[in-house]
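Asker: Spelled out from the first residue to the last, the chains are:
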Amino acid sequence: MAGQRAQWKGFIKFGEVSAGVALYTAASTSDRITFNTINKATGNRVNRVFIDSETEELVDKEMQTKGFEVENGQYIVIDPDEVAATIPESNKTLEIEAFIPCSDVDDVYFDKPYYLTPDRTGSDAFAALRDGMRKSKVAAIARTVLFRRMRTVLIRPHGKGLIATTLNYDYEVRSSKKAFEEMPKIKIEGEMLDLAKHIISTKKGDFDPATFDDRYEAALEELVKAKIEGKSVPKRKKIEVSKPNDLLAALRESAGMMMASDDKPKRTAANANAGNGRQRAARGAASKSAASKAAPHRKSA
Amino acid sequence: MALRPYWKGYLKLSLVTCPVNMTPATSESEKVRFHTLNKETGNRVVSQYIDSVTGKPVKDENEAKGYARGENDYVILSEDDLDNVALDTVKTIDIEKFAAADSIEWVYLEKPHYLMPDDAVGNEAFAVIRDAMKADKVVGISKLVIGRREKAVVLEPRDDGIVLWSLRFGDEVRPEESYFEDIEDEADSDLIPLVQKLIKQKTKRWSPDMVSDPIQESLLKLISEKKKALKPKKSTKSKKADEVEPKSNVVNIMDALRKSVSAELKNRKAG
Numbered sequence: 001m002a003g004q005r006a007q008w009k010g011f012i013k014f015g016e017v018s019a020g021v022a023l024y025t026a027a028s029t030s031d032r033i034t035f036n037t038i039n040k041a042t043g044n045r046v047n048r049v050f051i052d053s054e055t056e057e058l059v060d061k062e063m064q065t066k067g068f069e070v071e072n073g074q075y076i077v078i079d080p081d082e083v084a085a086t087i088p089e090s091n092k093t094l095e096i097e098a099f100i101p102c103s104d105v106d107d108v109y110f111d112k113p114y115y116l117t118p119d120r121t122g123s124d125a126f127a128a129l130r131d132g133m134r135k136s137k138v139a140a141i142a143r144t145v146l147f148r149r150m151r152t153v154l155i156r157p158h159g160k161g162l163i164a165t166t167l168n169y170d171y172e173v174r175s176s177k178k179a180f181e182e183m184p185k186i187k188i189e190g191e192m193l194d195l196a197k198h199i200i201s202t203k204k205g206d207f208d209p210a211t212f213d214d215r216y217e218a219a220l221e222e223l224v225k226a227k228i229e230g231k232s233v234p235k236r237k238k239i240e241v242s243k244p245n246d247l248l249a250a251l252r253e254s255a256g257m258m259m260a261s262d263d264k265p266k267r268t269a270a271n272a273n274a275g276n277g278r279q280r281a282a283r284g285a286a287s288k289s290a291a292s293k294a295a296p297h298r299k300s301a
Numbered sequence: 001m002a003l004r005p006y007w008k009g010y011l012k013l014s015l016v017t018c019p020v021n022m023t024p025a026t027s028e029s030e031k032v033r034f035h036t037l038n039k040e041t042g043n044r045v046v047s048q049y050i051d052s053v054t055g056k057p058v059k060d061e062n063e064a065k066g067y068a069r070g071e072n073d074y075v076i077l078s079e080d081d082l083d084n085v086a087l088d089t090v091k092t093i094d095i096e097k098f099a100a101a102d103s104i105e106w107v108y109l110e111k112p113h114y115l116m117p118d119d120a121v122g123n124e125a126f127a128v129i130r131d132a133m134k135a136d137k138v139v140g141i142s143k144l145v146i147g148r149r150e151k152a153v154v155l156e157p158r159d160d161g162i163v164l165w166s167l168r169f170g171d172e173v174r175p176e177e178s179y180f181e182d183i184e185d186e187a188d189s190d191l192i193p194l195v196q197k198l199i200k201q202k203t204k205r206w207s208p209d210m211v212s213d214p215i216q217e218s219l220l221k222l223i224s225e226k227k228k229a230l231k232p233k234k235s236t237k238s239k240k241a242d243e244v245e246p247k248s249n250v251v252n253i254m255d256a257l258r259k260s261v262s263a264e265l266k267n268r269k270a271g
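Here the protein sequences line up with chains A and B, keeping their order.
Heads up: the first sequence is residues 1 to 301, going by this note's numbering.
Heads up: the second sequence is residues 1 to 271, going by this note's numbering.
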């Protein structure tokens with residue numbers, strides 16, 4: 001496998017069938033800008049030390065231990081061995097406990113994706129599982145000890161392989177139902193919905209996340225430069241919130257603007273300052289060609 | 001329970017703009033967490049910043065973020081400065097594009113957040129955007145500054161709100177070809193029906209029970225047993241003891257705990 005190292009090697013088991021497999025990290029986190037912590041009073045960098053919260057004396061690494069707070073200020077000492085004892089022995093097997101319909105998958109539980117691949121001996125069983133799952137439109141739920149925790153993974157076919165995504169634990173996820181339960185129940189119909197759907201239809205396209213660029217670093221450099229030179233940073237556009245009474249007018253105006261520039265949806269979404277460019281382009285097009293208006297995209301979906 | 005929003009800003013579609021707030025869908029607050037203690041005193045260990053040149057502790061209000069422009073040369077940036085970065089995407093989610101609901105590859109999904117109106121003035125505008133995406137079976141594509149990076153985000157209508165996913169960058173997702181190229185294209189066609197039969201037998205509805213954490217359960221049990229072992233000590237030795245003689249108190253607790261742990265470990269092995 002082109003030199004990549006497997007994160008985990010073991011077996012996948014469904015029914016009485018078992019196949020040798022490996023997990024490879026599918027996504028890593030790239031670096032973001034980090035700052036140094038500075039003492040404002042002196043302009044010097046700072047170092048971090050660990051001190052006793054009561055005596056304020058330095059505490060060496062070997063004098064540090066883990067504890068759990070039971071009541072205010074009272075701690076139970078937990079030995080690393082005791083924590084280790086809670087981890088079940090790994091049987092190195094991703095045992096499929098259930099298949100769930102793809103439509104049932106709640107993606108807010110997704111944690112990290114791994115490519116799941118067969119070893120030489122497991123390839124027939126692997127391919128059969130992959131194709132069977134694809135045909136039945138299901139994902140599989142399996143559990144095993146991964147990285148010292150008992151993890152549930154969601155497995156699904158992806159191209160010629162499988163992707164196993166670790167899932168967050170139940171207590172780590174707030175359901176969308178709960179999160180949104182206090183929201184006002186509003187249903188939009190009629191002209192407003194039609195106008196919004198029209199706006200959407202003019203902005204429809206494909207999106208490839210791989211082509212997206214982060215502009216933050218460049219913007220930050222500009223900010224730093226301005227600060228050094230004592231110039232003020234260009235202000236962002238002021239944001240005007242649509243008033244409920246003006247909402248329909250705003251939608252009509254947006255839709256009108258869109259229709260006028262409808263000849264081709266702009267492909268600049270991932271580019272810098274798309275907003276400005278698009279508005280200018282839209283105005284220009286509006287004066288020229290109301291005639292090139294594309295057929296209404298309204299679907300009766 | 002309403003959580004304190006972690007971001008506030010605006011959601012924008014063309015000329016329609018409404019105030020919104022966002023909270024992460026996931027949180028580690030329920031996870032069993034340990035603190036670092038000083039073995040000698042039993043007190044919490046806390047971190048402190050020390051000036052690298054003067055060696056003196058740094059007051060909280062003097063801690064600042066420094067952008068390195070040279071060796072030992074930093075430009076100090078305040079939160080206000082950072083807030084002023086000249087990107088509209090710091091405060092505004094402007095939906096630039098819509099894509100078919102299932103067109104975003106799952107490997108790109110990084111972190112889910114819940115997006116909702118932040119003020120009654122925006123309720124209807126928010127609902128228009130949400131319901132139109134629902135009706136058209138599309139997701140919105142935009143970008144937003146999250147954690148000092150400008151990320152592509154996907155907006156997906158769900159229930160009465162919108163789930164906002166931050167996406168991974170292209171260079172964060174490893175190309176799958178090198179992993180999958182050697183795998184068989186097609187399975188033995190005799191095997192597939194058998195697998196499908198098995199799938200049918202083992203198909204269940206999704207339930208959050210499938211993502212329980214048995215290790216956390218064991219840890220909680222361990223803690224509660226230790227807590228029980230603590231209680232009698234507390235009643236015989238009053239609070240004073242731990243104020244005056246923190247050392248001896250810790251030692252006593254340690255003894256009590258050792259006993260309960262060895263019992264616990266025996267049980268575990270026996271079980």
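Hints should not be assumed to be uniformly reliable.
The list that follows gives simulated cross-link-like pairs (lysine-lysine, DSS-like), each with its CA atoms no further than 25 Å apart [what the hints assert, rightly or not]: (1) B/Lys204 with A/Lys66; (2) A/Lys92 with B/Lys204; (3) A/Lys243 with A/Lys185; (4) A/Lys66 with B/Lys221; (5) A/Lys187 with A/Lys135; (6) B/Lys31 with B/Lys202.
The hints are simulated quantities; they were obtained by calculation from the structure and are not laboratory data.
Asker: Now, for every hint given, state plainly whether the structure supports it.
Answerer: Structure-based check of each hint:
Restraint check for B/Lys204 and A/Lys66: not satisfied, since their Cα atoms lie roughly 40 Å apart, outside the 25 Å limit. For the proposed pair A/Lys92 and B/Lys204, the alpha carbon gap of about 24 Å is at most 25 Å, so the pair holds. Pair hint A/Lys243 plus A/Lys185 holds up; C-alpha atoms about 19 Å apart against a cutoff of 25 Å. For a cut-off of 25 Å, the pair hint linking A/Lys66 to B/Lys221 stands: about 17 Å separates their Cα positions.
With a C-alpha separation of about 36 Å, the suggested pair A/Lys187 and A/Lys135 falls outside the 25 Å cut-off, and the hint is violated. Between B/Lys31 and B/Lys202 the CA atoms are separated by roughly 31 Å; this puts the pair beyond 25 Å, and the hint is violated.
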